[in-house]
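So the chains spell out like this:
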Amino acid sequence: MRMRDLVREALRALEANRGRSFLTILGIVIGIAAVIAMTSFIGGVQEGLVGQLGLNAARIARIGYSSGFTESDIKRLKLALPEYEAIEGSMDSYTELKKDDKTLNISISGGSPTYFEMTGQAAVLSGRMFTAAEDEAASRVVLLDQNGVNQLFGSPDFDAVGKTVKLKGRDYTVLGIYQGTQMSMGSGTYLQVLMPLQTVKRDFANGGNRIFDLTGLAREGVDINELAKRTTEKIATMKRVPEDEVESSVWVFTMKQAIDQMNQFMGSFSLIISSVAGISLLVGGIGIMNMMLTNVTERIREIGVRRALGATRRDITLQFLAESAVICVAGGIIGTVFGYIISGGLALGASSLGISQGFGGGENFSISPAINVETILLAVGISMAIGLLFGFYPARRAARLDPVECLRYQ
Amino acid sequence: MEILSVEHLTRVFGSGEGTVRALDDVSLSIEAGEFIAIVGSSGSGKSTLLHLMGGVDRPTSGTVRLMGEDIYRRTDEQLAIFRRREVGLIYQFNNLIPILSARENITLPALLDGRAVNENRLAELADALGLDGRMNHLPSQLSGGQQQRVAIARALMNAPAVILADEPTGNLDSRNSAEVMGLLRESSERFKQTLVVITHDEDIALMADRVIAIEDGRVASDARRT
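Line order of the protein sequences matches chains X and F.
Take the first sequence: its letter number 30 is residue 29 in numbering that gives the first Met the number 0, and every next letter is one higher.
Take the second sequence: its letter number 66 is residue 65 in numbering that gives the first Met the number 0, and every next letter is one higher.
With the rest of the complex left out, here is chain X:
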């Protein structure tokens, strides 16, 4: 019998027992939904992270030393490690600002334009980013996010570019509005502003001239973890750090490690969901086998008629296998749809609760479930395999029935 005819007959047989067929495929639906929800949610988180951190994420190394770096240290590091395309310092500071009856907590992020570019914070909605020259000159300029504009000027849509903000008694000109973080957007009195590194050093570093945080961008194709190791060694030699203190006073942290850690976490998460899916699919498969055995018993007379009309044992096997495969694939398709709906719900929940931050996401990190053809094919493949595996025994049993006995059956 041709495949087309087999599938058509299988669909008819299942349609004749709609209620039973639907209940039987629930296990498959749940199992496949779990697989799809998991893979598309994890895929969404990973895609979101890559989108969020930028394509540079895997090339970034965060470099620190407990006593800090001088400008000349940074220059020497750049010379010693040409595998870095750039090494940029950054400095965070904190101040408060009284506005009406509120105290605004202001977190200042100081860096060069290249630093903000490298770390993906340079997206400016209006106005502009400060220039390298303005950084060198320690110009009193600042970039706010929309929350900052709202807190300082009373409306998020206020055209703040060109206005001034008074911090510690000094005036800073607002150069631009940058795309803010979810964290800063979500809370009222917390503001994050961007400033040139030299300005932060001069105005907010309490006289200290040392940089504690460096960010390196490795050149394309460089093994970032290997480079991180060499960077640690270089700093230890340069600063004459005793061997037993290297681990506690020098640190080089790569985003690749962070991504690996996240993948590890996602791996454990996948394992748990896979177990749920596996058990559900196993139970579903047993359900299919049970239903098919009942079908065989109910259709003994039909099997006899088919055999008498010239169906071979193989034809009967294929007929029942087609039925169990078709029902499982139907379950797989329904499960795939449910899986994407669940995954969408999970992503929405994770994004709105800010849980996505916990996955390593920072600014504007939102998860949209990843839908890909491979996953759908995998789901359909798994369900078909279950159908064939658990349908085989009932199908063989039907095929082995004696046609004469079947024809006597009433």
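Do not rely on the hints blindly, as some may be mistaken.
Pulled a few chain F residues facing chain X out of the computed Cβ check, cut under 8 Å [unchecked claim]:
hint : residue
1    : 72
2    : 75
3    : 93
What follows is a list of derived Cβ distance ranges for each label pair [unchecked claim]:
hint : chain 1 : residue 1 : chain 2 : residue 2 : range
4    : X       : 387       : F       : 118       : 32 to 38 Å
5    : F       : 118       : X       : 384       : 47 to 53 Å
6    : X       : 289       : F       : 177       : 29 to 35 Å
7    : X       : 404       : F       : 66        : 25 to 31 Å
8    : F       : 66        : X       : 277       : 55 to 61 Å
9    : X       : 292       : F       : 26        : 25 to 31 Å
Computed far set for chain F versus chain X, every beta-carbon distance over 12 Å [what the hints assert, rightly or not]:
hint : residue
10   : 14
11   : 33
12   : 97
13   : 118
14   : 121
15   : 205
What the hints contain is simulated information worked out from the structure, not anything from laboratory work.
All residues carry an ideal CB built from backbone N, CA and C; glycine is no exception.
Use these hints to put chain F onto chain X, whose structure you have.
Using the frame of chain X, we list chain F on its own:
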């Protein structure tokens, strides 16, 4: 011309104390185009004989020859193909696959063969058997008489040389019975087919060219109408 012959056919079911000798050394010869009625009480071995002549079962001993060839020398697979192409089988009831339409039931042997359906033949049979307009109905949407006509159409579809029917009118009232038998007779004459019918119905037996009575697995009588 002899078309079908049965020689020393024996079929034993079970083993030990539960052994049943359903057919016991039966021999007979059937001419092409003959209409034969097989009669006998329940459990006499009529259906076993019919199954053996149709290649549905395998004999314990003896041979069944169709046009001189011993059909049981074939493998199971070859025997299945034989049933599809060379004989037409009709049963008393539940003859049809409930999930398939009348058309699909009629064309099932062709579908099993993976062959294209002979639409002209199908239309001719639908017309001859009064099934026009019923071809897309499921068996449950057809009357008992119509269901049997679908089964007849299916048996005739491949134009087999031999039609074997096991009480084809057993489930029908006398009017439908006469109609179904009339159609069977008419088409077998038209297509020059040999018709072997198991029946309890005296009227049908009277229509036959030859009546073979089976008792306790043996041929008790074999009478030709003169």
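Going through the hints against the structure:
no.	hint	in the structure
1	72	violated, 17 Å
2	75	holds, 7 Å
3	93	holds, 5 Å
4	X/387 with F/118: 32 to 38 Å	holds, 35 Å
5	F/118 with X/384: 47 to 53 Å	violated, 39 Å
6	X/289 with F/177: 29 to 35 Å	violated, 47 Å
7	X/404 with F/66: 25 to 31 Å	holds, 29 Å
8	F/66 with X/277: 55 to 61 Å	holds, 58 Å
9	X/292 with F/26: 25 to 31 Å	violated, 43 Å
10	14	holds, 15 Å
11	33	holds, 22 Å
12	97	violated, 7 Å
13	118	holds, 16 Å
14	121	holds, 16 Å
15	205	holds, 27 Å
Of the numbered hints given earlier, the model fails hints 1, 5, 6, 9, 12; all others are met.
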